[in-house]
Structures are given as C-alpha cells and as structure tokens.
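> Keeping the supplied structure of chain W fixed, place chain B upon it in accordance with the hints.
Protein chains in written order, with the UniProt record's numbering: chain W, 1 to 249; chain B, 1 to 249.
No wet-lab data here; the hints were simulated from the structure.
Honestly, I wouldn't trust all of these hints.
Only pairs whose alpha carbons sit at most 25 Å apart, straight line, appear in this in silico SDA-like list of lysine to any residue [said to hold, decoys possible]:
{"hint": "1", "chain 1": "W", "residue 1": "Lys114", "chain 2": "B", "residue 2": "Thr82"}
{"hint": "2", "chain 1": "W", "residue 1": "Lys114", "chain 2": "W", "residue 2": "Thr155"}
{"hint": "3", "chain 1": "B", "residue 1": "Lys114", "chain 2": "W", "residue 2": "Pro120"}
{"hint": "4", "chain 1": "W", "residue 1": "Lys114", "chain 2": "B", "residue 2": "Gly60"}
{"hint": "5", "chain 1": "B", "residue 1": "Lys114", "chain 2": "B", "residue 2": "Glu139"}
{"hint": "6", "chain 1": "W", "residue 1": "Lys37", "chain 2": "B", "residue 2": "Arg121"}
{"hint": "7", "chain 1": "B", "residue 1": "Lys33", "chain 2": "W", "residue 2": "Glu29"}
{"hint": "8", "chain 1": "B", "residue 1": "Lys119", "chain 2": "W", "residue 2": "Glu29"}
{"hint": "9", "chain 1": "B", "residue 1": "Lys119", "chain 2": "W", "residue 2": "Thr155"}
{"hint": "10", "chain 1": "W", "residue 1": "Lys114", "chain 2": "B", "residue 2": "Arg3"}
{"hint": "11", "chain 1": "B", "residue 1": "Lys33", "chain 2": "W", "residue 2": "Thr155"}
Over 12 Å on every C-beta distance to chain B, these chain W residues come out as not near it, computed from the model [claimed, not checked]:
{"hint": "12", "residue": "Pro85"}
{"hint": "13", "residue": "Lys119"}
{"hint": "14", "residue": "Ala159"}
Glycine included, C-beta positions come from ideal geometry on N, C-alpha and C.
There are 2 protein chains.
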Amino acid sequence: MVRYKAVIAYDGTNFHGFQKQPNGRTVQEEVEKTLQKMNNGEQITIYGSGRTDAGVHAMGQVIHFDYPQERPVERMRFGLDTQTPEDVAVRSVEIVSEDFHARYDVAEKTYHFKVQIEKPRSPFRRFYASYYPYPLDLEKIQQALPDLLGTHDFTSFCATGGSIEDKVRTIYQADMEVSSDGREITFIFRGNGFLYKMIRILVGTLLKIGNGRLPADSIPEIIALKDRNAAGPTAHPEGLYLAEVKYKN
Amino acid sequence: MVRYKAVIAYDGTNFHGFQKQPNGRTVQEEVEKTLQKMNNGEQITIYGSGRTDAGVHAMGQVIHFDYPQERPVERMRFGLDTQTPEDVAVRSVEIVSEDFHARYDVAEKTYHFKVQIEKPRSPFRRFYASYYPYPLDLEKIQQALPDLLGTHDFTSFCATGGSIEDKVRTIYQADMEVSSDGREITFIFRGNGFLYKMIRILVGTLLKIGNGRLPADSIPEIIALKDRNAAGPTAHPEGLYLAEVKYKN
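Okay, chain W solo, but in the shape it has when bound (with noise of 0.2 Å):
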C-alpha cells in the first residue's frame, strides 16, 4: 500500500457536507467512488483533514489514502480530477510516508470567510457570499479583530452539544480585506485548529460589532464570559472556505 496526500477543491452548494452520511450527496462519498473505479471496484476510504457543513467550500481540503500501487502523481491527481464530479476539483497530489495522517497531523488550518456588502444583491455571489445588508462600520471591526489572536478559551465562539471538551485554540491570523471593488469582504482565520462552527460565530459577532450592535471592544469580554449566548449569531455557510491546511514538519 502506498500513502497518497491530495489537495482539493470543492463547491460546497450541492453537498450535504464533506463526510459520508446515509443520506445527500457528500464529497468524501463521490472521491471515494472514483477511486473504486480507478482501483478495479475495490473500495478505498479516504481520511480529510476534518469535517466541512453543508453549503461550506474547500478551496484546500486535504485527504489522504491509501491505494495499492505506486503511480506518477501527475497521472494520480489527473485521474482523480477528470472523473471526479464538476464540483470537485484535485489540485495536487503527491506520495508521503505511511504515518501521515490528513486529521491528526494538522499544524494550522486557515479559513476565509466571504461577506457580500453590495446593494442590491449579486445574483452571481448567492451561493460563494454570505449577504449582509445592514451598514457596516469596517473600522471597528479592524479593531476587534486583534482581540482574537492568541490562545484562548474559545468556548462562547462553539455551537453547543457538541463532544469535544478542550475548547482552548489559538489564532495565529484574523484579517480583514475589502475587495478591489467593496463590494466583498474577506475575513481570513488561521489557527492550530477551530471548534464547532466558531468561524462563522466570530463573523456573526464581527459583524454585530461592525453595525454598532455590539462594542468594537467586546471581544475579551464575550471570550471570557464562556458563553456560546455573549457572542453573535452563526453567519451562513455559503460565505466559508476552507483555504490551507499546513501539517506538522
């Protein structure tokens, strides 16, 4: 067996999420069909760097794989992304060593997060842009955002009832940039990991914050309280794009 890391991209509109589910389409699902067909029928499971929602694009998710022989990677990846479906696209891939795991040996995982701030709303951004139509104060949130860096008990930023108990993450980067155009704005996360929605938790409270609802300064006061209630709402899947992972070594 031979350990395979790839690289992919995917519109996340017609998925059900990344991973596999009894029902509705998912991306792992349709990989993994491929590889079935390149492998004479026999299945192959693929492990991704961690789980997308429904609605959520992958601009740089990362799987690995095991398959049974050695091939030139260029006609790997080539195979893999002809007959993948149109939404699914395989940016690279390449060998790596049979201990590399595409979950566990995450180092930083970097997010961005698409706002559209135009009126009216652009048809052609409805499913790549969450919309916001309400005024937009880009200056506080500039402000706000440093408040983020850092290790923390990131708590009031996860949905609630999910499993995992350790909700202390650190960011490394939270950017803001305004299209060429202002008519979008980008928000950048990069970190050691994210919990349970918390990126569109902090877009919802980044936005709150920048239409005055909520203090420019409320961000060490919402992380301290641990308190899923002081922060935003949840910004809609559309506008998230998981964009890099990088990996340990």
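Frame of chain W; chain B shown alone:
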C-alpha cells in the same frame, strides 16, 4: 400608464434564457410574475433590450414596462428586487417617457465573456466562465482583436438559420483583460448590436487563434469570406454576460 425602465442582473444558470417560452423557466416570466403580484393580479408585459440564451448571464440587462401608477422609483426597485427570485436582482429603476423602448432605442451594447484558463478547473467558476484547458498565446489574441473593430458584415460570426438579413454591425471596442491572479481572461465587446451567437463565435475564433490553430492575422479574411465555417467554434454560454446597454439621446 407610466413607463418604467429597469436595469436587472441575473444568473442565467437556471434559466432557459430571457424570453418567455412554453416550457422552461425564464427571466421574463419571473419578472412578470412579480409585477403581476405588485399590480393586484393584473398582468404586465416587460420588454427586454434583447434575448439572452440559456445559461447566459446579465449584469446590466435593460427592460421597460408600463405600470398604472407613478410610484417612487426606489420603492419600485426595492419591491421588484426583493420579490423576484434570488437569481434575479433589480439594480435600478427610473421613469422614462412613454415612447422609450428597451429594444428599439438601443444605441450600444457591451458584452463580457469570461474564460477560465487555470488548471485544474476551479469548481467555483463552472457556471460563470467558459473553461479552456489548452495552451493559449495571449499575445496572438491581443494582436487579432483590433481587426474586429469598425463596421463589417459579420455573416461569418453569425449562427446559421437566423432570419435577420442585414448582418452589418459596428464594433467600437474589442479588448481582453487578464485577471490579477492570472486565472481568468475577460473579453469585452462593445458595439451597436450583435448577431445571434456572435460574441460566442468571436470568442471561439479568438481562442483558436490563441491556441495557434488559426493565424493571428486571419480575422480580416474570415470576415471577407462571409461564411460561418471560416470562423471558429461557438464558445459555451456560461462565460457570456450582457454587461451594459446604452440608449439613444
């Protein structure tokens, strides 16, 4: 009756084109259904600057219609924008003179055509740009574009089977821009009118030139031949956008 002019944008992916037809969802049908609701169930007919085919998008299609009352234009715009489906946006509304006609008074139209040239194909652009995976010499395309400018009989660039006899049109602008990330090129064509599928055949021909399968100086000869077979193939509809319509006066 008060005549209104509106600028609308639409994502053509899920439409069988602009013009109403017995089978298939159309832009005209959706806008007319919305106007009918706003007009107490009385039907209102809209007139577009021209048709767009299935899968073709618009950033600036112009329509006109007659409505029994004079209403504040921003209220009319907001009502239409929020009640039309999410793949239609109403960008602006104004009251015009009773003899304004969205189709007959056109002075200039601008179309954009987007071609994705990155590898692998981005899953996010599959409905919004045509994909060209073959080598392209963009210099050759730049060299060929000025040959399209001016007044010509564009029979070679018109889909056969149409009923229009006069195929003389004037092109004022024929440009190509490369996106800042180099992943996409956009063709910009501005003229006094375009024949059926003309932009898509122009793009198919220019890509053939860029790929080296037609000489960079072949446009004048293709025009002179007045033969559809002399030009390149018809590019796919998903790259095409009606960008702007300008009117006389």
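> Does B/Lys33 pair with W/Thr155 here, judged by a C-alpha cut-off of 25 Å?
violated, 47 Å
> Is it true that the CA of W/Lys114 sits at most 25 Å from the CA of B/Gly60?
Between W/Lys114 and B/Gly60 the Cα gap is close to 24 Å, so the pair holds against 25 Å.
> Do the alpha carbons of B/Lys114 and B/Glu139 lie within 25 Å of each other, as the hint requires?
holds, 17 Å
> Is the nearest CB of chain B more than 12 Å from the CB of W/Ala159?
holds, 26 Å
> Next pair to validate is W/Lys114 with B/Thr82; report whether the Cα-Cα distance is within 25 Å.
Answer holds: W/Lys114 to B/Thr82 is near 22 Å, not above 25 Å.
> Within a Cα-Cα threshold of 25 Å, do W/Lys114 and W/Thr155 meet the stated pairing?
holds, 23 Å
> Are B/Lys119 and W/Glu29 close enough, with their CA atoms no more than 25 Å apart?
holds, 24 Å
> Does the structure keep W/Lys114 and B/Arg3 at a Cα separation of 25 Å or less?
violated, 38 Å
> Hey, B/Lys114 versus W/Pro120, does the alpha-carbon distance stay inside 25 Å?
Given that 25 Å is the threshold and the Cα spacing comes to 22 Å, the pair holds.
> For the pair supplied as a hint, B/Lys33 and W/Glu29, confirm whether the alpha-carbon distance does not exceed 25 Å.
violated, 40 Å
> If you draw a straight line from the CA of B/Lys119 to the CA of W/Thr155, is it 25 Å or shorter?
Judged against 25 Å, a Cα distance of about 40 Å means the pair is violated.
> Check the hint pairing W/Lys37 with B/Arg121 against an upper bound of 25 Å on the C-alpha distance.
It holds: about 21 Å lies between the C-alpha atoms, which stays within 25 Å.
The structure fails hints 7, 9, 10, 11, 12, 13 (numbered hints given earlier, in ascending order).
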